[in-house]
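K.L.:
Given next are the chains, with one letter for each unit.
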Amino acid sequence: MRELRIHGRGGQGSVTAAELIAVAAFEGGMHAQAFPAFGVERRGAPVQAFVRFDNKKIRLRSQIYEPDYIIVQDSTLIKDVNVFYGMKEGGIAIVNTEKAIDSPVPKGVKVITIDATSIALQKIGLPITNTALMGAFAAASGEIAFTALEDAVKRRFRGDLATKNIAAAKAAFDAVKGAA
Amino acid sequence: MALGTGCTARPGKSRNNRTGSWRVFRPAFIHERCTSCGMCRIVCPEGCIGENEEGLPVPDYDYCKGCGLCAEECPSEAVEMKKEEK
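For the protein sequence lines, the chains are A and B, in the order given.
Numbering (the numbering used here) for the first sequence: 15 to 194.
Numbering (the numbering used here) for the second sequence: 133 to 218.
Be aware that a few hints might be false.
What the hints assert, rightly or not - Taking lysine to aspartate or glutamate pairs in the EDC-like style, the calculated list, with each CA pair at most 20 angstroms apart, reads:
hint	chain 1	residue 1	chain 2	residue 2
1	B	Lys218	A	Asp116
2	A	Lys93	B	Glu216
3	B	Lys218	A	Asp94
4	A	Lys137	B	Glu216
5	A	Lys178	A	Glu157
6	B	Lys214	A	Glu112
7	B	Lys197	B	Glu216
Rather than coming from a laboratory, the hints here were simulated on the basis of the structure.
Computed from a predicted model, the values in this text were never measured in an experiment.
My request is simple: use the sequences and hints to build the entire structure.
P.N.:
Written out as structure tokens, the structure is:
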């Protein structure tokens, strides 16, 4: 079983990203579940979203305390929330930042940084980073195929919006693949 | 503001929640163009714009969430929104 935890802020699309990744995993023939947890229902407030996928049926329904992967949509969250909490050794953390991470990272965790805000502003015109980070996740983890991700985005968004979001995901996918 | 798992905030004054880190765009106040009309102070939803001795607007970046209303409403276009580095 693979577990992913997404840390974001209200309005960045963490919940949508979790759903779309679950749909993409499902399309790839896996069992999947996605659900969010948040405190304050307000734009900018910290949000967590969870995705679980496995080749067999998933009986577990709890929040994710020991993730294989995390996505951090806003690097300032690292100061507010213990984003690395419970991360497994050999896990991958994808962090949206322009700079390097200055806070301590648990050992055995690989950190991939990507400037998803700039990608989103360039490709979508809004600072909504979820699809870009989904692209980065697909590239970094290799768990889901980019085509499956593309289908999931097309299902959720229509026309122009889908095209723009896929462009953002593709740009991030290529950036991470290029760096690896 | 430190949060536990599940993102529940501890009780206390909302002043403790420095919402400034939410910003994507940061307003820059250009005092040379400012006429001290006070529009930015009126429209700011966080009420975080104060004034200096000369009556020119000074934002509190600890609480400014970067909504851009001040830049949108400023009649003399003295507020510019710039992407925050983070």
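K.L.:
Confirm or reject each hint.
P.N.:
The hints, checked one at a time:
1. Lys218/B / Asp116/A: Distance of about 11 angstroms is within 20 angstroms: holds.
2. Lys93/A / Glu216/B: Roughly 17 angstroms separates the two Cα atoms, so the pair holds.
3. Lys218/B / Asp94/A: Holds - the C-alpha atoms of Asp94/A and Lys218/B are around 14 angstroms apart, at most 20 angstroms.
4. Lys137/A / Glu216/B: Holds, at about 18 angstroms.
5. Lys178/A / Glu157/A: Violated. Lys178/A to Glu157/A sits at ~23 angstroms, over the 20 angstroms cutoff.
6. Lys214/B / Glu112/A: Status holds; Cα separation ~15 angstroms.
7. Lys197/B / Glu216/B: holds, 11 angstroms
Hint compliance for this structure: hint 5 alone is broken.
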